[in-house]
Amino acid sequence: MPLDWIYGLIGGIMIGGAASAYLLLNGKIMGASGLLGGVLDGSHAGTSRRDALFFLAGLIGVPFVWHLLRGAPETQLTTNVFVLILAGLCVGFGTRLANGCTSGHGVCGISRLSPRGIVATLFYLSAGAMTVLLARHGLGVI
Amino acid sequence: MRGTVSFMVGGLFGMGLLVSGMTDTTKVQGWLDVFGAWDPTLAFVLGGAVLPMALAWRIAARRDAAYLGASFPAKLDPKITPQLAIGSTLFGVGWGLSGLCPGPAMASLGFGGWPSLVFFTGMACAMIAQPHVTRSLQRAR
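Residue numbers (the numbering used here), protein chains in the order written: chain A, 1 to 142; chain B, 143 to 283.
These aren't lab readings, by the way, just hints derived from the structure by calculation.
Possibly wrong hints are sitting among the right ones.
[What the hints assert, rightly or not] Facing chain A, a subset of chain B residues (Cβ under 8 Å, in silico):
#, residue
1, A196
2, I201
3, P220
Where a beta carbon is used, it is the ideal one built from N, C-alpha and C, also for glycine.
Isolated chain A, as found in the complex:
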């Protein structure tokens, strides 16, 4: 669609606005993998845990309510169970080992000119591009 980039930009500003509000009001970095991972492995305590639980409730609940009112947006996620599990394991393990994902290292790190954020982004972008090249054009599994 020719308007995709405008929606991309508007959605991007919403994401950046959310991250800005989390930093300026709560003093925290909005990183999806850190907030989820900390809740799951119990490394968040007290206020941090409460913040993270409310954040996750909004992140999962608001799009859920939206889809009830306006219908489900496109997802196109693969139905290959092996690919789904392997991908989920890689994303979960990798983001916790690297201490961040696209929101923490990408959005929050790059905007701060953090060397770690920029290096992480270069690594996951190149690994992602290589994976799509191999899995789509080589093996044809995605």
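Using the hints, position chain B against chain A.
Positioned in the frame of chain A, the structure of chain B alone reads:
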């Protein structure tokens, strides 16, 4: 108040992911498909998100504490560790295979059906296992 802010931030983040098309895995894989039918949308999403956040960091630098009283995150840690490189590479592999990163994986959990649940379960299990696996690998060395 902090709880309300956290909930609204999560909701705004989720809706931003929906609006930008980041819960549509074909768009994300299209962005990573540099050698195929490349889709530049993600560049606009990242650009649009980085701009307000860059401004937020500048405001934060001029303040002692966040508006609701908490202190700001610690100073930048410049250390590039092997964990950062290996972890990000692994993450990139999973991201490319599925077209999902942790944010969109959760935003689409409520409407993505069983594939979404399978992916999320794998991701959550690996997140819980990671500290234990890393520790036993380090001990084995």
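Hints and how they fare:
| no. | hint | result |
| --- | --- | --- |
| 1 | A196 | holds (4 Å) |
| 2 | I201 | holds (6 Å) |
| 3 | P220 | holds (5 Å) |
Violated hints: none; the structure is consistent with every hint.
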